[in-house]
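From first to last, the protein sequence lines are chains C and D.
With our numbering, you'll find the first sequence wraps up at 1447, consecutive numbering, no jumps.
With our numbering, you'll find the second sequence wraps up at 577, consecutive numbering, no jumps.
Each statement offered as a hint is correct.
With a straight-line Cα cutoff of 27 Å, these simulated BS3-like cross-link-like pairs (lysine-lysine) come out:
hint: 1; chain 1: C; residue 1: Lys1404; chain 2: C; residue 2: Lys1439
hint: 2; chain 1: C; residue 1: Lys1439; chain 2: D; residue 2: Lys473
hint: 3; chain 1: D; residue 1: Lys478; chain 2: C; residue 2: Lys1378
hint: 4; chain 1: C; residue 1: Lys1378; chain 2: D; residue 2: Lys535
hint: 5; chain 1: D; residue 1: Lys521; chain 2: C; residue 2: Lys1378
hint: 6; chain 1: C; residue 1: Lys1337; chain 2: D; residue 2: Lys521
hint: 7; chain 1: D; residue 1: Lys473; chain 2: C; residue 2: Lys1378
hint: 8; chain 1: D; residue 1: Lys521; chain 2: C; residue 2: Lys1439
No lab work stands behind these hints: they were computed from the structure.
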Amino acid sequence: KQEVTQIPAALSVPEGENLVLNCSFTDSAIYNLQWFRQDPGKGLTSLLLIQSSQREQTSGRLNASLDKSSGRSTLYIAASQPGDSATYLCAVPQAGTALIFGKGTTLSVSS
Amino acid sequence: NAGVTQTPKFQVLKTGQSMTLQCAQDMNHNSMYWYRQDPGMGLRLIYYSASEGTTDKGEVPNGYNVSRLNKREFSLRLESAAPSQTSVYFCASSELRGTGELFFGEGSRLTVL
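Chain C with its partners taken away, still in its complex shape:
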């Protein structure tokens, strides 16, 4: 059974700092990995989708990497801003069913 772990559970940084969020998964036979953002009281918004054949994916100040062999992914946020404050979740497909989610990292960026 696929399990997804995210470390740290919470992170506080000052504005402008570069930061890395970590995601690990137990079954490396995945089609892809997705990173999501969730604002308080809201639904999840897809940030980046990395296919299993890719090593990384970029969108603006966000860069996600994927290392299938080690069962790890990182989300790099450059030059963080207060508007980046949210919970970030990673998810991978469980064979034949649906996405399995980590419990998320709650990020707080102070101005």
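Chain C is fixed; fit chain D onto it per the hints.
What follows is chain D alone, placed relative to chain C:
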């Protein structure tokens, strides 16, 4: 674009009452899902529908039923609500089961007294 729309957004029920959460997507996706989100537990899959006419159990299906009414709509029913079903429920859809990009609704916040 509406994307994934859930109704109602908020609901309070008494123990034993029944209700149906509605979900509709306008992206012509084949697969639809119902998750619940609880503090400390993360998102857990209740049921999913890989395609129109099919439904399958997820991790936490007990106490719930689903109906894939057509390609657009996927409803979740609580027949006899229990306080343990107090949660935030999310509907999601994707083009391909388990492998496509997942799109979420805004959530339905249910309280069972």
